[in-house]
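Student: With the hints as extra help, turn the sequences into a complete structure.
Residue numbers (my numbering), protein chains in the order written: chain G, 8 to 127; chain P, 17 to 247.
Treat each hint with caution, since some may be false.
What the hints assert, rightly or not - Computed spacing ranges between beta-carbons, pair by pair:
hint, chain 1, residue 1, chain 2, residue 2, range
1, G, Val97, P, Asn102, 40 to 46 Å
2, G, Phe46, P, Phe162, 33 to 39 Å
3, G, Asp105, P, Glu45, 34 to 40 Å
4, P, Asp40, G, Lys98, 42 to 48 Å
Derived by calculation from the structure, the hints in this document are not laboratory data.
Keep in mind it's a predicted model, so treat the numbers as computed, not measured.
From the three backbone atoms N, C-alpha and C, an ideal C-beta is built for every residue, glycine too.
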Amino acid sequence: MPISFLPIQIIFFLLLLFPISRVWLRFKDNSVKFGEFLFWTGIWLAGVLSIFFPEFLTYFANVVGIGRGSDLVIYISLALLFYLIFRTNVKMENIQNDISKVVRQVALQNDELEKKKTKN
Amino acid sequence: MTKPKFLIILPAFNEANVIGKVIDDIKIEINKFTNINAKILVVDDGSYDRTVEISKSKKVTVLTHFLNRGLGGALATGLEYARINNFDIALTIDSDGQHDPKDIKKAIKPILDGKADVVIGSRMLGQIGMPLDRKIINNLSNIFTFLLFRIWTTDSQSGFRVFNNKALAFIKPRTQGMEVSSEFFAEIKKNNLKLKEIPINVIYTKYSRQKGQSNLNSVKISARLIFRLFR
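Tutor: Here's what the structure looks like:
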């Protein structure tokens with residue numbers, strides 16, 4: 008199957024190299040776990056494939072009953088984005104809870120220290 | 017026979033205008049109790065006015081958060097203090113002067129009689145009515161609390177609550193802001209605690225309305241409660 012090299016394809020490919028490299032570097036310095044590395048690399052590689060083989064997208068779109076490959080990409084992207092936002096919000100709430108635990112411990116410990124000072 | 021230890025928790029954020037009077041009024045009521053040892057705890061949630069200074073001048077215990085954590089954070093600190101110091105009963109009451117300290121005695125009675133693990137003071141059952149907009153929001157909150165946590169209450173947003181030591185052992189809220197009021201019901205349901213509601217009076221002033229939940233906040237609070245389900 009011939010790969011076409013339209014300018015827009017080259018541009019998108021080069022743009023995608025950047026997040027692929029970031030994911031790899033973050034994985035190397037252990038900022039990103041293996042599962043997350045696979046997930047994000049998969050996403051970006053799927054993006055690269057769809058740039059050079061757009062007919063695959065059209066095929067999958069037709070299989071699920073959508074007319075155009077680009078529509079399929081948008082629907083999947085939206086669903087993924089909403090899920091990621093939700094997960095991020097849950098993580099942020101957990102972080103807020105952890106911050107409160109620290110603040111609470113400091114408040115209680117300061118009270119204990121004051122009590123000891125008053126006793127002495 | 018030793019008297020039960022009773023802690024009154026006042027979560028406070030920038031309440032310098034009223035906290036002194038609130039503490040004085042509570043002291044008047046608790047000095048009438050002969051059968052329990054009552055103590056007042058102010059949990060200062062990172063105030064930048066004179067809340068801490070005024071509270072300390074009233075010779076009550078003051079815990080200070082070095083960062084503002086929200087109502088939920090402050091209440092959780094107060095309840096943790098009650099647990100660590102082996103209190104038998106803990107009551108939470110608003111620091112903005114909205115609640116009438118005269119209701120404290122009837123609120124702790126079901127706890128002392130062993131008829132309830134948790135008592136909620138309901139403004140909807142009280143004689144002095146809530147403003148209409150608050151009634152509407154409160155009813156919607158009650159419905160939302162029921163849908164999420166399967167427990168019905170006439171005042172899911174009440175800040176007037178009493179816990180016995182069994183409830184104190186189990187109830188550890190994780191939400192930070194005003195959504196904690198609904199979260200208490202989730203904890204009550206989850207831990208099969210006996211809940212009783214009593215009517216309380218509420219003192220609405222321009223000041224206390226400014227300090228309370230804003231009606232527009234309801235959407236944000238509801239969203240946080242939904243996230244809490246997934247944590």
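Student: None of the hints should be skipped; say for each whether it holds.
Tutor: These are the hints, each one checked on the structure:
The hinted window of 40 to 46 Å between Val97/G and Asn102/P is violated, with their beta carbons roughly 35 Å apart. A hinted range of 33 to 39 Å holds for the C-beta pair Phe46/G and Phe162/P, which are about 38 Å apart. As the Cβ distance of Asp105/G to Glu45/P is approximately 37 Å, the hint placing it in 34 to 40 Å holds. In this structure the hint that Asp40/P and Lys98/G lie 42 to 48 Å apart at CB holds, the actual value being about 44 Å.
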